[in-house]
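Take the given structure of chain A and dock chain B to it, following the hints.
Protein chains in written order, with the UniProt record's numbering: chain A, 1 to 233; chain B, 1 to 233.
Hints in this document: simulated from the structure, not taken from any laboratory. All of these numbers come straight from a predicted model, not from anything done at the bench. Worth double-checking, as some hints may not be accurate.
Stated by the list, open to error - Okay, derived cross-link-like pairs now, BS3-like style, lysine-lysine, Cα gap no bigger than 25 Å in a straight line: (1) A:K26 to A:K131; (2) A:K174 to B:K140; (3) A:K26 to A:K84; (4) A:K71 to A:K84; (5) A:K84 to B:K124; (6) A:K26 to A:K71; (7) A:K131 to B:K71; (8) B:K174 to A:K174; (9) B:K84 to A:K124; (10) B:K42 to B:K140.
Protein chains: 2
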Amino acid sequence: MHVFYTPDIASDLYTLNEEESRHCSKVLRLIKGDIIHLIDGKGGFYKAEITEVGKKNVQLQVLETQLEYGKRNHHLHIAIAPTKNIDRLEWFLEKATEIGIDEITPIICDRSERKIVKEDRLEKVITSAVKQSLTAYHPKLNPTITYQNFIKQNLQGNKMIAHCMEGDKVPISKNAATQQSYTILIGPEGDFSPEELHIALQNGYKPVTLGNTRLRTETAALAACFEVNYINR
Amino acid sequence: MHVFYTPDIASDLYTLNEEESRHCSKVLRLIKGDIIHLIDGKGGFYKAEITEVGKKNVQLQVLETQLEYGKRNHHLHIAIAPTKNIDRLEWFLEKATEIGIDEITPIICDRSERKIVKEDRLEKVITSAVKQSLTAYHPKLNPTITYQNFIKQNLQGNKMIAHCMEGDKVPISKNAATQQSYTILIGPEGDFSPEELHIALQNGYKPVTLGNTRLRTETAALAACFEVNYINR
Chain A
1 MHVFYTPDIA SDLYTLNEEE SRHCSKVLRL IKGDIIHLID GKGGFYKAEI TEVGKKNVQL
61 QVLETQLEYG KRNHHLHIAI APTKNIDRLE WFLEKATEIG IDEITPIICD RSERKIVKED
121 RLEKVITSAV KQSLTAYHPK LNPTITYQNF IKQNLQGNKM IAHCMEGDKV PISKNAATQQ
181 SYTILIGPEG DFSPEELHIA LQNGYKPVTL GNTRLRTETA ALAACFEVNY INR
Chain B
1 MHVFYTPDIA SDLYTLNEEE SRHCSKVLRL IKGDIIHLID GKGGFYKAEI TEVGKKNVQL
61 QVLETQLEYG KRNHHLHIAI APTKNIDRLE WFLEKATEIG IDEITPIICD RSERKIVKED
121 RLEKVITSAV KQSLTAYHPK LNPTITYQNF IKQNLQGNKM IAHCMEGDKV PISKNAATQQ
181 SYTILIGPEG DFSPEELHIA LQNGYKPVTL GNTRLRTETA ALAACFEVNY INR
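The following block holds chain A by itself, in its conformation from the complex (with noise of 0.2 Å):
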């Protein structure tokens, strides 16, 4: 199945980009009368057939339309310290887009190694994980931000830290009720500094455990990732 996604689609005649249409015609050779999938990235999935076939704009006449598709009953926000290497924060978007995440706040700590990321080439492994996986909801990949910051956004929903300091932690499952809003923060390589994790708790954030082995930052996110989508399943 050939997957495009196509977030400003408006009405049943659509004209894939020049990107997007150099992908169609050279690299998949697809030929007029072949039938595609889009994907808007707000949860419409569609079929559409190729009706013209334009080197740098092919066109396309929508078959089927599916809204709300693979409609989420929960919202997963995660804001992550990014890796010192960067690779383990694009692994991390790649996985949490498959198993399911809607939106990623990369949050700069006192502890933080990388403090810069280019948000365009996370956004890009998103939007492949999102066409390979047929999410039709794309995650929100919100700027960067220091962790001061983020914690002055005063969010709602469940608000928990991960960290690996002594104290009272529960897992997420005991933590939150289902089929709500979480936010999850995980810290960098060297965990969150005491003074980050005070303010967190200041700030309505409850200290969790996700088991009991050492994990990596992106190991962390995920299984914070898997855990709320399994508690909502």
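Just chain B, lined up with the frame of chain A:
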């Protein structure tokens, strides 16, 4: 904390092999009197003091020994078709080791594009994840075998197959009790063949679902690993 992998440790006196000795003295620049930790891969976790530093042989005196460190309450064996891009299999091995797995067998399936894996390289990936995540039990990597030969082994315990074909499937958690032995089959890109599924069912493997989204081979394997560890927490 500096952790060394010492599978052959047998007494309170131990000498690191040439490679580890060089790493200890040249890279980490540790000296006589420094404290390091050892993992033997069989559940032994040791605290040791450096008593002698040679370029090729660093000698240690074990100060504390913990046996059955982080002993697991179940046995998880995942048989997975090697991915076309071997990085994806290596990534799975690292993550599964962090989260918890006991045995891995690469299986060559009808639709496997990759039919050869370098086990020594995969072994290195597992060992470095063992050290990084302080897992005192080293997961066992079995030699690569064909799907047919794997099924013929007639293993005991909970046997499951994760496939994408039509048919009744239940989640792992609904399929298996806790604290048991689990064997889970994960297919290649393009899934198992209908014949392979048929043979599995004939041999007592139950079909399981890992959720509603379309997962890559390595993501499916990790999702299974997450779920088994989760229900055994």
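Verification of the hints:
Of the pairs offered as hints, the one joining K26 (chain A) and K131 (chain A) holds, with about 19 Å between alpha carbons and a cut-off of 25 Å not exceeded. Taking the CA atoms of K174 (chain A) and K140 (chain B), the gap is near 32 Å; set against the 25 Å cutoff, the hint is violated. Using a Cα cut-off of 25 Å, the hinted pair K26 (chain A) and K84 (chain A) is violated, with the two alpha carbons roughly 37 Å apart. For the suggested pair K71 (chain A) and K84 (chain A), the alpha carbons sit about 34 Å apart, so the restraint of at most 25 Å is broken.
Under the criterion of a C-alpha separation no larger than 25 Å, the hint pairing K84 (chain A) with K124 (chain B) is consistent with the structure, at around 22 Å. A distance of roughly 33 Å separates the Cα atoms of K26 (chain A) and K71 (chain A); the hinted pair therefore is violated under the 25 Å criterion. This hinted pair does not check out: K131 (chain A) and K71 (chain B) have alpha carbons roughly 40 Å apart, beyond 25 Å. Between K174 (chain B) and K174 (chain A) the CA atoms are separated by roughly 19 Å; this keeps the pair inside 25 Å, and the hint holds.
Annotation: proposed proximity of K84 (chain B) to K124 (chain A) holds, straight-line Cα distance about 22 Å (limit 25 Å). For the hint linking K42 (chain B) to K140 (chain B), the alpha-carbon distance of about 10 Å falls within 25 Å, and the restraint holds.
Taken one by one, the earlier hints fail for this structure at numbers 2, 3, 4, 6 and 7, listed in ascending order.
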